[in-house]
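**Student:** Fit chain B to the given chain A structure using the hints.
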Amino acid sequence: MLIPHPLLGLRDAQEFTYLGDARLLDRPDGLAPDAAEAFADYVYLRDNPAGLHRELWFHEQGDRSWLVVTRDTVTHEILGAELARDVALARRSK
Amino acid sequence: MTRLAGGLIDRSRVLNFTFNGRSYAGHPGDTLASALLANGVRLMGRSFKYHRPRGVVAAGSEEPNALVTLRDGARAEPNTRATGVELFEGLTARSQNHVGPLGFDMLAVNDLLSPFFAAGFYYKTFMWPRAFWEKLYEPAIRRAAGLGALSMQADPDAYEKGFLHCDLLVIGAGPAGLAAALTAARAGARVILADEDFRLGGRLLAESHLLNEAPARQWVAGLEAEFASLPNLRVMRRTTVWGAFDHGVYGAVERVSDHLPTPGEAPRQTLWRITAKRAVLAAGATERHIPFAMNDRPGIMLAGALRAYANRWAACPAKRVAIFTNNDDGHRTALDLAAKGVEIAGVIDPRPDAKPLGPYPVYAGSVVTDTRGRLGLSAIAVTREGQTQWLDAGALGVSGGWNPNVHLASHQRGRPVWDDAQQAFLPGAGIPGQIVAGAAAGKGSTHAALHSGAEAARAALQDLGLTAHLPDLPRAEDGAAPPHPIWHVPGKKRAWVDFQNDVTVKDIKLAHQENLRPVEHLKRWTTLGMATDQGKTANVTAIAVMAELTGQSIAQTGTTIYRPPYTPVSLAVLGGGDTGAHFRPRRLTPSHSWAKAQGAVFVEVGPWLRAQYFPRPGETHWRQAVDREVLATRAGVGLCDVTTLGKVDVQGADAGIFLDRLYANAMASLKVGMVRYGLMLREDGHAYDDGTCARLAEDHYIVTTTTAQAGPVYRHMEFARQCLWPELDVQLISTTDAWAQVSVAGPHARKLLERVVDGFDLSNAAFPFMGCAALTVCGGLRARLFRISFSGELAYELAVPARYGAALMARLVEVGKDLGATPYGTEALGVLRIEKGHAAGNELNGQTTAQMLGMGRMVSAKKDAIGTVMTRREGLMAETRVLVGLQPVDAAQPVTAGAHLFTEGAAQGTATDQGWISSACYSPHLGSMIGLGFLADGAARMGEVILAANPLQRQEVRLRVTSPHFIDPEGGRLRD
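Protein sequences appear in the order of chains A and B.
Counting in the numbering used here, the final residue of the first sequence is number 221, and the numbers go up one at a time with none missing.
Counting in the numbering used here, the final residue of the second sequence is number 994, and the numbers go up one at a time with none missing.
Treat the hints as calculated values from the structure; they're not laboratory data.
One or more of the hints may lead you astray.
As the list claims (entries may be wrong) - Between beta-carbon pairs, the in silico distance windows are: (1) A:P133 x B:L482: 20 to 26 Å; (2) A:V201 x B:T568: 44 to 50 Å; (3) B:G729 x A:L137: 23 to 29 Å; (4) A:G189 x B:A792: 27 to 33 Å; (5) B:M124 x A:T202: 52 to 58 Å; (6) A:A163 x B:Q480: 14 to 20 Å; (7) B:S226 x A:P133: 39 to 45 Å.
All C-beta atoms, glycine included, are put in the ideal place defined by N, C-alpha and C.
Next up, chain B with everything else stripped away, as it sits in the complex:
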């Protein structure tokens, strides 16, 4: 055990957990990383490429090495940073990326082969044979080099999305963030304080500094009590703000239940979209290391992390520890550890005049040049002016200075600016409405952080017209520790810059040699700064090494672009609750409950769930039900819920003129009480949508759209009304959901309707084909009746208020029993319309024109309607493909939608393509499959036999060209 005294852990309780199957114990307040270190575990994983033994490097979300697979079974979560995992009872974790036990990884042979695995190795080696890349090289490389594996089971947990609004968002709850939140909340502003940690305090928790001569945690505890009393302040722990988007919108993930064994009723995580009028970014700073030979052994860590583990978690990886630092901050680690009883082997400081700040040996003017220890550090080589000596140490803290966390200030392509005095990149132009404070702004002393946070909040509120007073802030240390610029220790052996991607100083040299010098090239060629940590501990060091090689300054070398997310965000939480049946809203037809009771099989049609067919006992195949429904409709009467077709109510003195401009054919001339088919074009001259226009009064039309285009057509109509012809007196509203509409089709349709209408004369003379009327049915229920037909039969569509839809269906079936009233679904609907040759979505697919649909003459040349000018384009006029019917010569042969048409005996290719089949079905009426399609010169080829080729299924079928109207081509049935 390497547990020290003190710390912010609750020793009164023990939490048991396992790592790689072995049992350990920790305490509430521990992270998985701190508990492992306290149990003497330094080795936590294997590196990405070389499979080198690795341990934890950092104490926060910047951790590159200690990635584990957390939990088991469906909840197994790969690539989880052990530094961010809050310990819970029964936690299980496994290390990743090794074959065999962690201590003896079979793939560690990669390390011996490292001379072959330098940057760019894959690109150069696995070039040919070309076919081998996908089948052999890539799968093998992916297996050998990588991170954890997914469970491949569905995630059992729930995720949520939420929206928050505030005056001020404070990102980070370290000294700067706490002071900012305090200042703004006391002023009465609506404030959100978010921090990725489960405890407020940030770096204060990791330091031994005093605030007002007392431990910092006391000041933090006092603040927490005050925060709890402020209703205008929302404190969000375990919440990472991961992206800064336009207009003050920030993305945040709250890990609601990640610290619990299972979430229970709560969501696992919540994705918050925070709209903040102003923001204070107090994200702190991340320590950087100094690459030297063999600097990746378990036990070699960032000095500040070593200090954090000791102060906050009372954990230390070894009893004897050394420090390698180029700045005074590294010495603080030696002081704090020594105070906790850890033996300090020495502080190695390259500054020739380095002095000890306490009772520990200092090796001034020295650097670390090598290390020993197979699965964990045992000794370091200290070199001064060419003289080397070995020091025993089980851990080494390295400090190369601190990089301000400028990420969220740079998410809108702003580049950070190099500051020579601080030897660090500071926030650049930044983000509108955001002020950077504390260490993130280069104000790293506790005193400076506190004051800059409070001042930032005051300035942000002043911007909003609110007055805030600076609070009394505690006295705090105000030391500055700019590092001595030493970026790496030259040597022959490998010195790692990016631990996660196994990128060494040598790789950067190679990139320089190969002329991949701009940082964006360096990143992509070496993979430096990629993967889960995005190079938080590596990038600036790599930039400095490249700058040294090119002879440019660091400022000239610059950084890569910072993009969200700041830390990895799971796809599960981005999806939120939008999975499975909740992927999108589901719309049910008014007769849904009735259809369900009839045993209907349903099909998704866009967001709608529609009855596809109504199987009866004894029917074992869907075709049996569909054929029966089709034949029953043609012989008696069929009933279908057609509510899903879009309905738009158009009213106003200019309604007729408006529709005249919207439809290719004339609508203003339509008589009151009549319906007309309407074809809408896009402005580019192609067919857009079709439907009917019914004129109920001089100034009142009801138009219908296809189911799929109901939304877009309504949008288009509003565009025409508001943007193109705002001077017209016309109003629109969608009534799709307000009216249930039922199609009543078949020779007995009139007879059936006579039994429900309230004294309405349905005779052909009184209510002819294409008539419409408002009436009442079933003893006083208001309704609308349209004599229109999609099936080719005598047919009506009856509309009633939506809540009566199911009752109407039930009533019609009941009173029509002796007439053979049969409900039919979307399959039969499709068969009926294909038999009749009516175009639907398959024909109105955005590539066809009125002329192709056989409606060229409907496009009026006398008026200016949307799309009419462009239909007269030369190219569209020259189009000869028109809608035809297709029937197999051998009735047993299939007709397949999507097959292309060719002249028999001709070569098959795009040059000889004659058209395509758009719709196909089995016609029980004709006893064979039939199709609709578009055929070149189709009108002149009636009776000709052509070939339908379906190369996907190696299918060729001979088809006879016919009229698209397989049923009643004269239309007599409609008008009876």
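Next comes chain A alone, as it looks inside the complex:
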């Protein structure tokens, strides 16, 4: 598999470490009143789609960027990759 790193171009998937669903970016507020429930969902609940999946990959043997990669779980086609930092910051500004 090849991952289109937004800074470094196409890189072999062997250089990366996989984490999972990019929903992990949306960490709940631990001081909110509903934190217990929110964290139970955050830690344990994941979708398992057949189709497009946004997921986190770490360029461990490379520049140490965390990426959000959009992959089709059926065909393994990779539709894009963004710096997770940019994705997280964009969500902050919303």
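**Tutor:** Same frame as chain A, but now just chain B:
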């Protein structure tokens, strides 16, 4: 001898080889199979189940029968296809799967018992008694039915892995592949042309067709000369592309030295990972046979293989040969063989209107219905409208049509599509970036293959924005030969479909009867299409037979899923060089060379090699060295290289806030110049890792991790920084390898350090417990000093740039001689920390919480740090097991890590389990073994005697529950 004239062998040189101990001669250009046939050897092995005599069937990698054990000793390689073995001087080969000589196999009795050995026989017969399966039935069956045996010796050869990139990968160097490579290479693209054969040309080498009125080999030779002049084209002979993976990645094995007696300095094989922007699959086609009664005798072959042996290798298994074909291509074999002087007994063709294409007899409207010959074919029965006559023949070429090699177009679950006109499965949806050309795409005539290959390359390059021009291609034959659909000849005797697995038409009928009709069931129940050839010559025929039985069409019946590898790939080459010491990178500590000179014994700690202990003369047991190191540390001063602990440099205006969110306890409040113990949790509330945070400046921390988790914790920290809190001004870098760090522990630690620091005030007032500072040592060497203790003694950790690690150790030992400065290894380190009751990897095993570790109060409820919310889960709050110390009531008794704890007299089971022992060691201080463990309600049970059960060693030991701090529980020594 049955050597013919011509062929692509070098008769000027002779290669001697042996088969089953007998000596033979062949020529360069021969394969083992062709050389054996040229020497009149038809019998090459015994079949898998019935131990039937078998000979070679094919001329390529699809060969199901002629599997031999190649070479001797440690290099012996079982299950090697004789058709793919390039002959070399001194080659030795042995046949497989027989007891006694090949010509008289004791296990041939299985053939007489064949009515009992039908498909599913094992499943039905060896059912009970159940216990017999593993001990008796399976070993006996495995011995009787099988392939070759491993040498059981280590492989002496080297294997390599490599990476290649190209614009266009051309798979197969037959007419289509050659035309594709030529087209793309002339256009300037980076091209790789790979073929499993040792000679370019593919099927062109096996045919007598002319290209531009000249032998095809002349055209190929011209191309080879041009290819050699093109630096952008890499030609890879002896290279099998065996798998098509995601995003244009192809797996290939190059047999670098398999054609040599020994590899010498070169690797035996290389595993290539080819990343190709585009690929042309020109893998050709494989001929299929037509099952008829007793169709497995040595001498019965695929007609195209018979032709290949005659044309390319000038070899023929017999002087008188017959052909059984349902298509015109079979007649070409008769023509070519007749031209080489082989007597044609007849061409048996089931088509009623079949006509001879040359001077040989044709039996039109006829089929072969039986054969004779115990160890090789002697005669065939030809039947026409119920009338049978016997024809003498030493070989029979069978052609049932050609199956395009769609494997590499189907490796991503694409299913091939049945084509009625061609009577063949053609590539289906295929693989992104891959174009199929030539016979693999059903374009089997030489003319069609050449043009489709060139066109495929042009289209692939156009896709990449490159312009390619179609080359002038030679004039070539353009005959089409779709077969007449006859899939097997009905009869009472056995007719083999899959030679390698001894699956007959009857077995397929039985599968149908037993309702195992879908092809995936058929495959698994009968073993059809399994093992080394994966049914390359059998599968489509079997599908057709099943279709006939169910009354469905072949298209409806469908194929099984194609998976890599295309042909067998050895585990050795998949492992590449990653064996033994090269299995993974080895990391050495900065003081390694010094420790080695001291005679240290080393231990693997993850990828690290660390000094385990430093034996001295006269010490005969490791415990003597370890006890001495522990006592010397507690009495004087000990030195240990602790560089392997992970170090992360954290800088930025928000560094404190960042660490506050990362650790369960507070870090932003830490004063500059101080160190604090830190506990990291996983987001699920369990303990993850621990270490220290040292604050060198307002915006500069150095944190440490455990050795084992250094990588994962760093990854986790980057995740927190980039994904969770990207708005924070904080930067991270791992400095584990940049700084050598030495622990200096023991009552004389300060005295020793005073001798190396450059005017730094080490007094308790100036540099108290948990202090840290940047300083210089040894006359100007920059260093960092941390007053932290893992041993419970007055202790420091001194860090210097990594390249000074060994020198620092040597200096400390030298200047501390009168203080008893003693290096200690990981064993003593472990004893010291267990005596002190400090948690380590055994306690931080992913199942424990802060509360269990006795650090529940460290988890701050006032801030939102990773894992803090989930630590307050009901289930985790209700956990009562906590860290305790354990000491045997009888000091001579052992304490074993992993043993479980029970109340004395209670039944022992999961319901009554009270906890477990996580760490244990011998404490020279206490004169007995001691342990750390997790015990239910442990805090309230101090002094109680409990039972440690270790059922693996039938061991029960009475232990007294104590504080985990066996040494200096008040911590006075640390603060002195």
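**Student:** Could you check the structure against the hints above and give me the numbers of any it violates, in ascending order?
**Tutor:** 2, 6, 7
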